[in-house]
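Q: Each chain, letter by letter, is given below.
Protein chains: 2
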Amino acid sequence: MPQINGERLLGDLRRIADFGRYQTGVHRPHLSPQDVESRRWLAERMKEAGLDPVIDGIGNVIGRSTRSGPRLLLGSHSDTQPRGGWLDGVMGVIYGLEVARALAEDPATAHLAVDVASWADEEGHWGQMMGSKSYIGRLTEEDIDKARHRDEGTKMRDALAAAGLDKTPRLQMEEGQYRGYLEAHIEQGGLLEAGGKRIGIVTAIVGIFQYRLTFSGIQNHAGTTPMPIRKDAGVAMMRLYNDVMDRFPAVAGPRSVWTVGKMMLEPNAPAIVPGKAEMVLQFRDADVAILEKFEATLQEIVAEHAARGPCTVECVTLSRTMPLVMDERFLDAIEEAAAVHAPDVHVRMPSGAGHDAQIIGLKLPAAMMFVPSIGGISHHFTENTADEDIVLGCQVFADAAAKILTGN
Amino acid sequence: MPQINGERLLGDLRRIADFGRYQTGVHRPHLSPQDVESRRWLAERMKEAGLDPVIDGIGNVIGRSTRSGPRLLLGSHSDTQPRGGWLDGVMGVIYGLEVARALAEDPATAHLAVDVASWADEEGHWGQMMGSKSYIGRLTEEDIDKARHRDEGTKMRDALAAAGLDKTPRLQMEEGQYRGYLEAHIEQGGLLEAGGKRIGIVTAIVGIFQYRLTFSGIQNHAGTTPMPIRKDAGVAMMRLYNDVMDRFPAVAGPRSVWTVGKMMLEPNAPAIVPGKAEMVLQFRDADVAILEKFEATLQEIVAEHAARGPCTVECVTLSRTMPLVMDERFLDAIEEAAAVHAPDVHVRMPSGAGHDAQIIGLKLPAAMMFVPSIGGISHHFTENTADEDIVLGCQVFADAAAKILTGN
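Chains as they are written, first to last, in the working numbering: chain A, -9 to 398; chain B, -9 to 398.
One should not assume that every hint holds.
[To be verified] In silico DSSO-like pairs for lysine-lysine, Cα to Cα no more than 30 Å straight-line: (1) A:283 to B:221; (2) B:145 to B:266; (3) B:157 to B:136; (4) A:353 to A:283; (5) B:136 to B:353; (6) B:157 to B:37; (7) B:266 to A:145; (8) B:157 to A:266; (9) B:266 to B:136; (10) A:266 to B:221; (11) A:157 to A:353; (12) B:157 to B:145; (13) A:37 to A:353; (14) B:37 to B:266; (15) B:393 to B:37; (16) A:266 to A:283; (17) A:136 to A:266; (18) B:266 to A:221; (19) A:266 to B:145; (20) B:283 to A:221; (21) A:136 to A:353.
[To be verified] Computed from the model, here is a short list of chain B residues facing chain A with C-beta under 7 Å: (22) 255; (23) 368; (24) 369.
I should point out that these hints are in silico values taken from the structure, not numbers from a laboratory.
No experiment lies behind these values; they were computed from the predicted model shown.
Cβ atoms here follow ideal geometry from the backbone N, Cα and C, with glycine treated the same way.
Based on the provided sequences and hints, a complete structural model is requested.
A: Here it is, written out as structure tokens:
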């Protein structure tokens, strides 16, 4: 079995955290200057590892093995949330890089072929996992034409041009090219830590349904507009949000989550009755039936508020990502590797977070592996994982990859 | 009695609307480049009108009469709301300018002394009516040191330096310098229009209490953080706002208004549980007792939510501007002038909007006059007033000023 190099692994992780470093974390949204730089650096490291790297027309970095024979795809994403953590999700990309190096260094595994990918925009600044979607042929040119930065409203086409990628073709996976896909990631929750476990074997990834709710009223003066004739879009948004929080628990499953993470008022000035308000609502569950119950409840609430007025309510579906069940044989391979390197501290669990594996998994057998997040913190610059857990996880991941390729 | 020149008046109003024009309105926040330019232009026009203009250290433009004898102060503000209207409140400033010109052109009134002022930051981008407060000695250097732009967080000191005003002294009114203060403004509401009136004689200005509510929770991942352990600052804000809207009507008077015009989530990303949320709440009434009831109710609600958790709530008082009752003799003067030029289409009414008159009125007898707002719209670029109403209002305003100075 391959031996990974923990120092080399941690060194690469610390180095790539320099691109967009923010306090103890990283601010590296997809196609930001720091993100583009980091992708060039990553391609260089892949080349040093003996892979043939390409940065494609959506920003995916793919290091292709020069070996023949059965091929495994390893990867994750290297873009980050705003002011996010240093390991989410670049750890999985550097794991892939380290596994490729470790396999090549061991004569017994030097013939094994792994491609290593860093998917574009997993964090959804431009869309929803556009990089992995592009790689499996589920992203059209029109999707890219339409894509705007979720905060700045700028065109993805312009950002791709600024990154020098506008003339670059997008790579697509070929039928039968891979035996499957493996992705490692930090847990982003507190279950492993709380249970004293060090390796999470992901049985399924939750589905995520996401909606934009837009409220339109009449903008007016906050002093001269009598309460009875107001059409305050901010009040309309707050009242509907309140109903969502009151009524969702009744249809929720034990692990369901629902969130309004983004909101805006227009013009957002203290002395002006807001004429427009917008919020983004998402909910997640591993059970499609529950997701559909949430959706029906939301549509009910929207219809009630639209009928009640005085503001209009529009609900646009931004995305409906279905839950994905992982490949049982791959889960076994990870479990066997964990039994060797992390006896009794591994556990099977679902993923509450969305991951590229749920996109690639639409076309390939796929599985994921988690390492613990300290304090369960993520999507924040204080996110972290113990060095020993990072190293242990990579060794388990390397063994699992070798097992899947060699079939033992 | 002086004869105002309607064409000259409208010409000046249309010219100054070029500074920061936005669609049919104006975007000219205090100390923006467009605002600074417009103040220089205003000072030029004052000089042409025979006044001695100064732009002082806070941005007030004051055109001082060279005449001796009893002196009246006329003014309003020339800064605007974001993407606001073309008349709010520069119409009152240009009225003052036109009145000064009309008085000077009539031998019978040429000896009368009026100073004309454009007050800084009435719209509160940096503070609360800082210009008029400065002129009556109610603004300290420390207030200016502390002042930050409400949206951009930039320092007012830096903006004053950029405007070349950092070395300029602030002007202050002297004891006994004026017989009183008159301000004209658009109504910013629909009462005049609805009642078929063309002149509003303002009996009182409502008080405005304003608060910043800050909610602190824990920022985390929207997929991996179970609902029971979340500390979602956005939910905390929405729940408290909901209680405010439920409970304020019980303590409100017939003309009370309350508004949340500004809100923010941090980091404001769809897949992140907000760790921080902020909203600005204000309420207005002409009756101090009602304002105090609102404040007590708000403090109750804040205490309840803070006790309930899971997020912390902080409520900071941003301002407590008391209602102001206008000077009865001045109201009579405006009414007499209106009886001549606008018989049967004038009415006494309170002002739901705050105005510099409530600051200057702390030191001087003061009164205000309104002209109709088409559709009652204001704080929006579509705000407008019929040309003939603008001209009529200025003639009434000029007569009233002359009456107050001559005592007949």
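Q: For every hint, state whether the structure bears it out.
A: Here's how the hints hold up against the structure:
For the hint pairing residue 283 of chain A with residue 221 of chain B, the CA-to-CA distance comes to about 25 Å; that is within 30 Å, so the pair holds. Between the alpha carbons of residue 145 of chain B and residue 266 of chain B the distance comes to roughly 23 Å, so the proposed pair stays at or under 30 Å and holds. Taking the CA atoms of residue 157 of chain B and residue 136 of chain B, the gap is near 18 Å; set against the 30 Å cutoff, the hint holds. As the CA atoms of residue 353 of chain A and residue 283 of chain A are separated by approximately 27 Å, the hinted pair is consistent with the 30 Å bound.
A threshold of 30 Å between alpha carbons decides the hint, and for residue 136 of chain B with residue 353 of chain B the separation of about 25 Å falls inside it, so the pair holds. Annotation: proposed proximity of residue 157 of chain B to residue 37 of chain B holds, straight-line Cα distance about 22 Å (limit 30 Å). Our distance criterion of 30 Å between C-alpha atoms is met by residue 266 of chain B and residue 145 of chain A, whose separation comes to about 29 Å. For the given pair, residue 157 of chain B sits about 41 Å from residue 266 of chain A by alpha-carbon distance, which is inconsistent with the 30 Å threshold.
Distance restraint check for residue 266 of chain B and residue 136 of chain B: the Cα-Cα separation of roughly 23 Å lies within the 30 Å cut-off, and the hinted pair is therefore satisfied. Only pairs whose Cα atoms come within 30 Å are accepted, and residue 266 of chain A paired with residue 221 of chain B is accepted, the gap being roughly 27 Å. Between residue 157 of chain A and residue 353 of chain A the CA atoms are separated by roughly 27 Å; this keeps the pair inside 30 Å, and the hint holds. Among the hinted pairs, residue 157 of chain B with residue 145 of chain B is consistent with the structure: their alpha-carbon atoms are about 16 Å apart, no more than 30 Å.
For the hint linking residue 37 of chain A to residue 353 of chain A, the alpha-carbon distance of about 27 Å falls within 30 Å, and the restraint holds. Pair hint residue 37 of chain B plus residue 266 of chain B does not hold up; C-alpha atoms about 50 Å apart against a cutoff of 30 Å. The suggested pairing of residue 393 of chain B with residue 37 of chain B holds, with an alpha-carbon distance near 25 Å, which does not exceed 30 Å. For the hint pairing residue 266 of chain A with residue 283 of chain A, the CA-to-CA distance comes to about 28 Å; that is within 30 Å, so the pair holds.
Proximity of residue 136 of chain A to residue 266 of chain A is assessed by CA-CA distance (about 23 Å); at most 30 Å being required, the pair is judged to hold. For the suggested pair residue 266 of chain B and residue 221 of chain A, the alpha carbons sit about 27 Å apart, so the restraint of at most 30 Å is met. Between residue 266 of chain A and residue 145 of chain B the alpha-carbon distance is near 29 Å, which keeps this suggested pair within the 30 Å criterion. For the proposed pair residue 283 of chain B and residue 221 of chain A, the alpha carbon gap of about 25 Å is at most 30 Å, so the pair holds.
With a CA separation close to 25 Å, the supplied pair residue 136 of chain A and residue 353 of chain A stays within the 30 Å bound. A cut of 7 Å between beta carbons decides the hint on residue 255 of chain B: the least distance to chain A is about 5 Å, and the hint holds. For residue 368 of chain B, the interface hint holds, since its Cβ comes within 7 Å of a Cβ in chain A; the closest pair sits about 5 Å apart. Annotation: interface hint on residue 369 of chain B holds; nearest CB of chain A at approximately 5 Å, less than 7 Å.
The structure is inconsistent with the numbered hints 8 and 14, although it conforms to all the rest.
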